[in-house]
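Q: Sequence:
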Amino acid sequence: MEDSTRNLSGKRATSALGAALLLTATVVSGAAKLPELGGDFTFSADVVSTDFRNDTVDLSGNVRAAQGPMSIESQTAKARDFRAPNSRWTFEQAVRIRSAEADLQSNLATAAFNNGELSDVRIEGTPARFEQIGATNNRQVRGRAGVIEYDINTGIVKLTNQVWFSNGKDEFRGDVVIYNVRDERVQINPGGSSNRVRGIIRPNQDKSQTTGSNPGAAAIVEPTFNENGDALEQERLEPKFATQNNPGGGA
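If you count by the working numbering, then the sequence shown holds residues -5 to 245, one letter each, in order.
No wet-lab data here; the hints were simulated from the structure.
Take the hints with a grain of salt, since some may be wrong.
[Stated by the list, open to error] With beta-carbon atoms standing in for the labels, derived distance ranges:
no.	residue 1	residue 2	range
1	Ser43	Pro197	55 to 63 angstroms
2	Ile195	Thr50	29 to 37 angstroms
3	Ser43	Val191	45 to 53 angstroms
Remember, predicted model here, so these are calculated numbers, not experimental data.
Yeah, the Cβ is synthetic: ideal placement off N, Cα and C, and Gly gets one too.
Work out the full structure: start from the sequences and follow the hints.
A: This is how it looks when you write it as structure tokens:
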């Protein structure tokens, strides 16, 4: 009887540990509302140069483009076959792309259209940055990488090349991170890699330790690994909050 009780307790502990590790990398929310694009693609800039014969357009100075809830800002932009239903645009310098569910920033971005609607964007930078908008429990979900691809139709964000990713409390580093902003599931190095995944899991704080803090604020975790995966002791600070001023610049 004693052995049976011990075995049952061991199985429960193993199951609890497995569930905890799964929830660390997977945060499941209710069904998210799909973004509604459609409508015309509009743009403005300080200077616009258009070649109707070759169907090209070049924009410069405070460029802003939008379709539905999607907006793209940059300093320059250009497109070839820009009136075609499946055109492709390139944006450069201080690029910022926003949708109802994601905020991306970089130095270079390409945006693809499918049947006249924005379908996906790809940004590159050193690093390019991603942050989720409207994550559950006010989580500060964000990531950095050399390349970030965002599929607007599926809500899937793929980060590659020296990736750092955080769910607001825990953080991970890997070669590839695939994150679904709608069901809040994340995969790290899903196809395997010569480099191991590195991560830090921070246990939930006891309520008595958070008295006086803002329960609706999302903790901002700064990277504690360098690009080689080595710990950065000088950056092990108290978590900052999204509602607090961040003079250090954040991610």
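Q: Now tell me if each hint is right for this structure.
A: Now the hints, each set against the structure:
For the hinted restraint 55 to 63 angstroms between Ser43 and Pro197, the CB-CB distance of approximately 57 angstroms keeps it satisfied. Against the hinted window of 29 to 37 angstroms, the Cβ-Cβ separation of Ile195 and Thr50 comes to about 50 angstroms, which falls outside the hint. Judged by the Cβ atoms, the range 45 to 53 angstroms given for Ser43 and Val191 holds: they are separated by roughly 47 angstroms.
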